[in-house]
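Read top to bottom, the protein sequences are chains A and B. Its first residue numbered 1, the first sequence is counted upward by one per residue in the UniProt record's numbering. Its first residue numbered 1, the second sequence is counted upward by one per residue in the UniProt record's numbering.
Bear in mind the hints are in silico, worked out from the structure with no lab data behind them. Do not take every clue at face value.
Unchecked claim - DSSO-like cross-link-like pairs, simulated, lysine-lysine; straight-line CA separation at most 30 Å: (1) B:Lys392 - A:Lys158; (2) B:Lys465 - A:Lys154; (3) B:Lys219 - B:Lys392; (4) A:Lys308 - A:Lys80; (5) A:Lys558 - A:Lys486; (6) B:Lys208 - A:Lys154; (7) B:Lys219 - B:Lys208; (8) A:Lys80 - A:Lys314; (9) A:Lys314 - A:Lys336; (10) A:Lys496 - A:Lys486; (11) A:Lys158 - B:Lys465; (12) A:Lys558 - A:Lys580; (13) B:Lys356 - B:Lys416; (14) B:Lys356 - A:Lys308; (15) A:Lys541 - A:Lys580; (16) B:Lys208 - A:Lys158; (17) A:Lys506 - A:Lys551; (18) A:Lys556 - A:Lys541; (19) A:Lys495 - A:Lys551; (20) B:Lys219 - A:Lys154; (21) A:Lys558 - A:Lys496.
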Amino acid sequence: MLRRWYCHRFVSTARLYTSSLCAQRKCFSTSTHCRFHATAVDEAEVAPLRKQLKDAARASRHQQVSDTNGKDQLRRERLKDWELTVGIEIHAQLNTSSKLFSRASADWTDVPNAALWPFDMAVPGSQPLFQPPVLIPALRAAIALDCDIRPRSKFDRKHYFYHDQPAGYQITQYYEPFAVNGRVTLTQQDGLAPEEGTLHIGIKQVQLEQDTARTQQHDEETSLIDFNRSGHALVEIISLPQLHSPQAAAAYVRKVQSILYAVDAATTGMELGGLRADVNVSVRRFDGATGNHSYSGVTGLGQRTEIKNLSSFKSVEDAVCAERDRQIDILEAGGKIEGETRGWSLSNPGATRRLRGKEGEVDYRYMPDPDILPLHIDNDLVAHFRSTLPPVPDQLLDMLRLSYGLTADDAGALLNLDNGTRLLYYQDVVSRLTPSSNNNKTAFGVHVGNWILHELGALLTTTETEWHPDLIHAQQMSDLISLQLKGQLTGPSAKKLLRILFAGEKEPVSVIAERENLLFQSMNDQEYVELANRVIQDHPKEVEIVQKNSKQAQGKLKFLLGQMMRHGDRNRMEAQRAEKTLRSILMP
Amino acid sequence: MNPAATARRLKSPGEIRKYSTIYHDRLRSARGTRAVLSGLENLVLTGSPYPSGRNIANDEVIVLKDNFLTTDLPTTCASHILEGFRGSATSMVGRLLQDAGIHIVAKTNMDEFGMGSYSTNSARGPVKHGFDSLEQSVGGSSGGSALVVAGGLARFAIGSDTGGSVRLPAAYTGILGFKPSYGRISRNGLIPYANSLDTVGIMSTSVKDAISIYRILNKYDPADPTSLDLNSRARISHAGLSRSRVPDHEASNQVGVRVIGLRDKKESARLSLEAGMRWKAYGRQYLTKRSWRIGVPDEYNIQEMHPWIRIAWLKTLSVLQDMGNDIVHISLPTTQSALSAYYVLAPAEASSNLAKYDGVRYGIPRDAELADNHEGVLYAHHRGQHFGDEVKRRILLGTFSLSAGAMDNYFIQAQKVRRLVQQDFNNVFTVPHPLLEASTGNPEGVDFIVVPTAPTLPPLLSELKRQSPLDSYINDIFTVPASLAGLPAISVPVVADDDLPPTSDKNIGMQIIGQFGEDMPLLNFARDTVEAIDPPRPRETDSRIWTARRF
């Protein structure tokens, strides 16, 4: 009976929600007005998120270019007087098989309202049933974030009315979270500016909580609600207000996501809506009197505002930037910052907009959930997860440099690209190349890194293609590299072959190479000699210089070699052998 | 109304018996019961079709309060907002009863979502005695269930007790109402009013019946996170056995299981394993052989108590003394604050629990004209339209006491009072609280506390109309403390004056409260007490209330 769409009607027209644009999801309650955009659904709004992101990025690039120099110069000057302080709350979907308080599947399904237990829809009389396996990714996340795990934590109800919140409250851990006092380390490698050095960002707490349902606009008066997501397990990661630049803010979110990925605590990142961030922004003068606000025990800060539901790293950076400038503008004009909740959207990356002020603030009326027993986490369990934790990014970085022989730059790039899927692909290719008896991955590490990062990377950029591990099967990639290393493919042939594979050719690499006549068939000695003699005949002047063994001999030899390579069949020639032949004729 | 005048208008005992016979003939079969029930619109909300061709001669029938989920009958909590709602699964209570061969024939009227003390706050109209001249309240919120049992339409009924909702109607209708320890009976499928206080209650005319239903329902249910698990149940059994550590002047009379020196941990672990087996023998033999220490808290002897109730209380205590029990003065100093704490905590939880009724997913659908208008509110119109006044009042109360500005002064304070109420009880009981490490039990303490169920006689419905909500809250003063502490409590019918014919305007309930987990000793003690008091026979007495229906 639960397998159907549940509809309800708005009298006013309502905005369209694309799957990831549920930006204002949590922002309404009975006390606040539902200010839905009364615009008709137009083409632009239905455009896929990816395209929107791209357009927005382009827009902001143009903007940056247009107001460089003058304005930016001023801004930079001005920033010297102001300290920006940012604290971030990250909500991440945990990688679990069931929901937080019901046995319903947490797997993604495109059948709406299929993965439901009565509790997920707040059916009267149903009760929450904590699912202990949810603790596995949650504990991994908290441990990887260097948190203290509390032996006893509790669940609270956070009340607000909205269509996607069937119970009228979200179950979260407000008073007693399960993990506290964590830390994330940021370096230049993570995208910090060099002058920021290494930063240690404190994590105030990590708490378990429920996700909401998904809402979708059906027509002007009807929203459809899919409760499949309702009750999914999330962790909310609350940082201390210790970030002081937009870049650092973005780097922090990126770093947290990569840590969550690395320990398998989360599998869907910001791009897929599995990770969302709320940022708290305040500014104060470096030299002036300290502010009188304190957040999470950090005192002397200015009045903060909160920007909700940011769903990309770029948006975190842009939103913080825009909000910082707005606050400084107000303060420099002698104004006062209001404690309020603000929104930010891709369509206008240069500014944040007011959603609601303090008086419109929802009173969440946190109440301990009377149905849910306190959560006791045994020390042994924590110790077990601590000892079996997969490596976090910093450990991976070391591994890539030491065991795979990559440079710090390449290693960093591999870690940060494509949510770690590129790294997995890289390791896959290397392991396919490395005989199982051999643990030394350096033999292939650099080579594979070169192909996957640079050759393949260049192709991705020029064709504006999104990375996907299935673009070129790892076996094809390893075969290609293997052929090249064995000398059966010259560099140019290998690149040509890569382009063929990139175009979607699924046949075995050897078959393609043969068909396209790319395999290197070495010229025999006779052919080399014939070619050398022809070049010698054509360039007597240079030959003379070489034979005199004067200062320019080396240069001219290279010239002759170049001529040889130019006139011969490049696919069949090796420079070393050509040079050897040339030398043996000219300098016996 | 003058009670004596009412008594004079009553029919003669012979007539009562005659009607009751008619009933008994009809009530032989479940189908007959259903036929009777279906004629009582305000008592029963929905009746169940009975499968034909089944041998029903020996079937027992039961009714459920309308806040227990059933798949074949709607469950509305007597609220407009849940009109037509059917659960996707029957409540655990319903399933256990069905598994035991007991047929659920009807869902009974109640105060909306359990909020009320007189079963008058129902979307389907108040529960009334069938007899026109009897305008006494049946009590609430499980009033429908109480009246079904009092009228002999079913042997048992299930209610829910949050702050006295089973005990008060039992007292006002002259039957037994048992509220077990919190967590004994699964709440799965019981639509909550205040989760931390809600218990499943049993109503019947004899303690024996209550015990048999309790035995069916007293099961650990993993689907209810607050259900007492097997470990806790073992600890409870063990705590009960520790009673024998208490120096007792009657100790020599104890021929039952007697365990001395339970201080050794290993020994106690072994004994707690055996406790389950020994329990029955232990309970029975102790009850017949030993004397009990009965606590009488000074704080319950309030000025507002109706004189007849005070008389009945004294009579009960003297009967108990005659049985060889010791009557002991005790003090439960937080009793007065308990009521205030209850009326902060219960509405707070209710405001949270009832937030789900938005008309989106179930219940009465939202009116498109009123939903989500631009002026801003999402569900206020729907909720305002379909919740009753008392429900709205308590939602507002709870919303206020949980709000950021009031939380510390109300909700937090009330939780502290609740803790003190629990401590009060732990200080006076001989048996330690089995689930609290710090609780040791008071060697000089008492086994049971005996107090009236309510300070007043059943009020007239016409009087209630003149009452303020606050007046009706005060009537819960004697039932709320046991609820806050999660203790087992039973209301048994007693009489003030043996010479007057028992009538429903003089129904008085006496409440027995035991330590947490002591449900079986409490029930056994209640059985002995009832036998000693020889109460009026409720079925014969109250069946006259149906005469106006002319079956």
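Evaluation of the provided hints:
1. B:Lys392 - A:Lys158: holds, 20 Å
2. B:Lys465 - A:Lys154: violated, 43 Å
3. B:Lys219 - B:Lys392: Violated, at about 35 Å.
4. A:Lys308 - A:Lys80: holds, 27 Å
5. A:Lys558 - A:Lys486: OK: Lys558 (chain A) and Lys486 (chain A) at ~25 Å, within 30 Å.
6. B:Lys208 - A:Lys154: violated, 41 Å
7. B:Lys219 - B:Lys208: Holds, at roughly 18 Å.
8. A:Lys80 - A:Lys314: holds, 23 Å
9. A:Lys314 - A:Lys336: holds, 28 Å
10. A:Lys496 - A:Lys486: Status holds; Cα separation ~17 Å.
11. A:Lys158 - B:Lys465: Given pair Lys158 (chain A), Lys465 (chain B) is violated - Cα atoms ~37 Å apart, limit 30 Å.
12. A:Lys558 - A:Lys580: holds, 12 Å
13. B:Lys356 - B:Lys416: holds, 28 Å
14. B:Lys356 - A:Lys308: With Cα atoms ~25 Å apart, Lys356 (chain B) and Lys308 (chain A) stay inside 30 Å; holds.
15. A:Lys541 - A:Lys580: holds, 20 Å
16. B:Lys208 - A:Lys158: violated, 45 Å
17. A:Lys506 - A:Lys551: Violated, because 53 Å separates the two Cα atoms, which is more than 30 Å.
18. A:Lys556 - A:Lys541: holds, 9 Å
19. A:Lys495 - A:Lys551: Violated - the C-alpha atoms of Lys551 (chain A) and Lys495 (chain A) are around 37 Å apart, more than 30 Å.
20. B:Lys219 - A:Lys154: OK: Lys219 (chain B) and Lys154 (chain A) at ~26 Å, within 30 Å.
21. A:Lys558 - A:Lys496: holds, 26 Å
In summary, the numbered hints that this structure violates are 2, 3, 6, 11, 16, 17 and 19.
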